[in-house]
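Chains as they are written, first to last, in UniProt numbering: chain Z, 1 to 502; chain Y, 1 to 502.
It is possible that part of the hints are untrue.
Intra- or inter-copy, both count: the list cannot distinguish identical chains.
For lysine-lysine, the following BS3-like pairs were computed, each having C-alpha atoms within a straight-line distance of at most 25 Å [said to hold, decoys possible]:
id : residue 1 : residue 2
1  : K472      : K98
2  : K444      : K378
3  : K472      : K82
4  : K5        : K16
5  : K472      : K378
6  : K444      : K98
7  : K197      : K472
8  : K98       : K333
9  : K405      : K378
Source of the hints: derived by calculation from the structure; they are not laboratory data.
There are 2 protein chains.
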Amino acid sequence: MIDIKDRVRNKALQAKIVSAEQAAASIKPGMNIGASGFTPAGYPKAVPLALAERMKQENFTVNLWTGASVGQELDGALAEAKGIAKRLPYQTNDSIRKAINNGTIQYTDLHLSHVAQMSRYGFLGGKVDVAIIEACAITEEGQIVPTTSLGNSASFVQSADFVIVEINTSQPLELEGMHDVYVPLDPPHRQPIPLVKADDRIGTPYIPCDPEKIAYIVPCDIKDDVRPLAAIDDDARAMTGHLIQFLKQEIEAGRMPENLLPLQSGVGSVANAVVAGLADSDFENLTVYTEVIQDGMFDLIDAGKLTFASGTSITPSPDGLKRLYDNIGEYRKKIILRPQEVANSPEVARRIGVIAMNTAIEFDIFGHVNSTHIMGTKMMNGIGGSGDFARNAYLTFFFTNSIAKKGDISSVVPMCSHFDHTEHDVDVFITERGVADVRGLSPKERARVIINNCAHPDYQPMLLDYLDRAEKATGYAHTPHLMNEALSWHTRFLETGSMKIK
Amino acid sequence: MIDIKDRVRNKALQAKIVSAEQAAASIKPGMNIGASGFTPAGYPKAVPLALAERMKQENFTVNLWTGASVGQELDGALAEAKGIAKRLPYQTNDSIRKAINNGTIQYTDLHLSHVAQMSRYGFLGGKVDVAIIEACAITEEGQIVPTTSLGNSASFVQSADFVIVEINTSQPLELEGMHDVYVPLDPPHRQPIPLVKADDRIGTPYIPCDPEKIAYIVPCDIKDDVRPLAAIDDDARAMTGHLIQFLKQEIEAGRMPENLLPLQSGVGSVANAVVAGLADSDFENLTVYTEVIQDGMFDLIDAGKLTFASGTSITPSPDGLKRLYDNIGEYRKKIILRPQEVANSPEVARRIGVIAMNTAIEFDIFGHVNSTHIMGTKMMNGIGGSGDFARNAYLTFFFTNSIAKKGDISSVVPMCSHFDHTEHDVDVFITERGVADVRGLSPKERARVIINNCAHPDYQPMLLDYLDRAEKATGYAHTPHLMNEALSWHTRFLETGSMKIK
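Looking at chain Z on its own, in the form it has when it is part of the complex (with noise of 0.2 Å):
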């Protein structure tokens, strides 16, 4: 049993250490908590879970900022004990997504770039009240030692008015040293982020607090609730495979260099299949520059061919997070997590050159990306880093299945019925059946090679037709669409459970 005083270095400090339920009772109804945690890594644990049961007893609800997505700890059990009026700027909590979408909880969707910023700029509707945040430790003189994710947290311990510090046993305290804090200085002082390159250190291995701030200290012992990634399946490796041999043709090409340019890739399946499958290539001294760090980085690093990962979070499977702690050690050496405003920085990702590796449910003819509503009214996940790297990279790819629902929906569709990222932002498409290279493309040249080289050959003849429909009844105008129809199978999938005619 670790003993929580051992990981408070600071002796003054140890006087504040005290129970969940003690440093809940300091939450005010109304409150703006500003929490560590992106994906399901780093966020505080213990403090939730003993506000949720007070939430549920005193029926009064809070206002939550995190980096991102969190875990059930702290996303489920506030939602289920209908203890949030406002959430942001990410999610991924069954409880919470019900809850957006029949409006009992607001929902801020923000590029996760802009969060830090806005929240000490004050538009997001006060400043941040308290600052929960897990940590490894405090070191001697009060700083707050970080776990696997920084996302915002050094932004909110700057704005706050007092901080509770999770501490969590369950973290190996080896993850000290893998953090850099820079967190910028605000117009009209700021300066440039003097980062040019992944390894680049700029800040401190901590975050720094005055341990005045710090009113308690809470122990935890409880895991990062951390998800198994879907297997790998056909149409996933179908897409590395196009995408491996697109990024050599642009060597060949001489617009790459042989080793690429630091990597983003998104959350999930499809990202981690992509990554992971670049393990099985013959590309060398890659590096990463993304947010999430995930199962596919491990691959590449045990593989011998990533010499850096910089991140905000460290989200593996149950079996990955066992792979961290076993070796971490040598994964630390290859390994730094930033804060998100750092991580997503776009001055930083059009300076070093992103090739930006993004999911979308789906896009239209035009090249328009919807990467966060279904059928167009429903929020699923949120826009994430996605809008941050595909605007500023240096090449964007957003990759989907051509079809979901067993066909009954086609991903390639006349016009979005969500729109996250316009055609300006994105360079190259890519399904299981193929790349669309879009970039220096006209609307109506993008709309023949995403139909020919993207979409399921079941909808090719119905879009085919719905563009040359648009083009005759516009005149060929610049964007050919019939106003009446553009949204037609979203309806007809609302209507009849297909996009197809039957």
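Based on the hints, put chain Y in the right spot on chain Z.
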């Protein structure tokens, strides 16, 4: 009469002075032409007119890449000679617009900050074959002194196989020294853009060019094709009033410095009215970091309220041009022109924290913006720099009149017919009716603020009715929409000439 040799200070280069026809004869069918020019300012005139004459005889096309829109002698003449196959990244010319919307010119509408790097990366279909650059002069060392815009000229010169320089003797030599030319390295070698204030100088006052690369020098005395600005009307005055009041409230709330932050303003009459309106306000020590310097900026300088303006182009009205030339000694102390990849840089915009003010064609109740397409299909101008600034600003405004076509069009619609800026990228909407501050709001919260504060009373009940019915039909989904009705307002306008229900 000015002797062109006085302006070609490098003696060896004087041997390259030829007629426009001789220079135009060097251009081969299918070439990618990279031309100077950003708005009708600083674009080549004599060579394009000669090229257009050749095209009429020889019947061939080229691809035309510029900074942004250019004047009639380039866009108009080449389009009318049916000489353009592909055009990018922006235009405002009637002949080009017509050809884009009847399928005879392919148009690639790009974020203006992306153009130079995408052309260097080779992403736009080959590289620049020939750069045609309007200049005031060529220095002793053979470097090129630009005129009233900088745009993508420096990058095009760097990439081009050969360069044609038009020495325009109608442009005053006092423009020399007003430019600051900085072309970033490309990944993986790019460094931070070392600019932290609007008046920082980070480059050279001329376009660096190997004199060997200059193939032809052509004299020209045709003036920039500047246009009068529309008179400032009551609606523009009302929007300006709303803006000023809103900014004052932000200062009072401690969310904005007293002298504001650097102002970015789109092109056109509303934008110009807003900037001019600031001259009558009590704000002081303002700075501008924008694309285009219009008459309103001269008003601000004359009123002693503007300490510095950075742009990539000076595009006054004819009266404003006279005013500039008559007082250039004074104005040049307070104005700098930069390449558009610096003027529009997301990195710089976010660092210095611009206040972005741009114009929408329409926006929807959930806060998405259409900047480019009339009724979802016909290209108006292009996205220009609005995306560069809107996404990265400290505070982002979009302006539009609440109605158009004498009330038959509502500029606030259930769903946009085209999407250029998403809900993730806008803070505040302003029409003549009022201000919708949507920072931190969920879509359903945004919708009521936008409808109540910005929509025209003729359309408010229809919008609220749509929202109510969509909420009920979707069970209060995150973004309530009726897929079969979302675009019905546009359909109705196309069918009946009005969005109103008869």
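So, going through the hints one by one against the coordinates:
Taking the shortest Cα distances, K472 and K98 sit within 25 Å of each other only across copies (16 Å), while inside one copy they are farther apart (43 Å). Within a single copy, K444 and K378 get their C-alpha atoms only as close as 30 Å, which misses the 25 Å cut-off; across copies the closest is 12 Å, which meets it. Only between protomers do K472 and K82 lie at most 25 Å apart by alpha-carbon distance; the minimum there is 22 Å, versus 53 Å within a single protomer. For a Cα distance limit of 25 Å, the shortest separation of K5 from K16 inside one copy, 11 Å, qualifies, whereas the shortest one across copies, 81 Å, does not.
Within a single copy, K472 and K378 get their C-alpha atoms only as close as 33 Å, which misses the 25 Å cut-off; across copies the closest is 13 Å, which meets it. Taking identical chains as interchangeable, the C-alpha atoms of K444 and K98 lie at most 25 Å apart only when they sit on different chains, with a minimum of 15 Å there against 38 Å within one chain. Taking CA atoms no more than 25 Å apart as the test, K197 paired with K472 passes in neither setting, with 50 Å inside one copy and 50 Å between copies. In the homo-oligomer, the alpha carbons of K98 and K333 never lie at most 25 Å apart, since the shortest distance is 41 Å inside one protomer and 59 Å across protomers.
Taking identical chains as interchangeable, the C-alpha atoms of K405 and K378 lie at most 25 Å apart only when both belong to the same chain, with a minimum of 16 Å there against 34 Å between chains.
The structure is inconsistent with the numbered hints 7, 8, although it conforms to all the rest.
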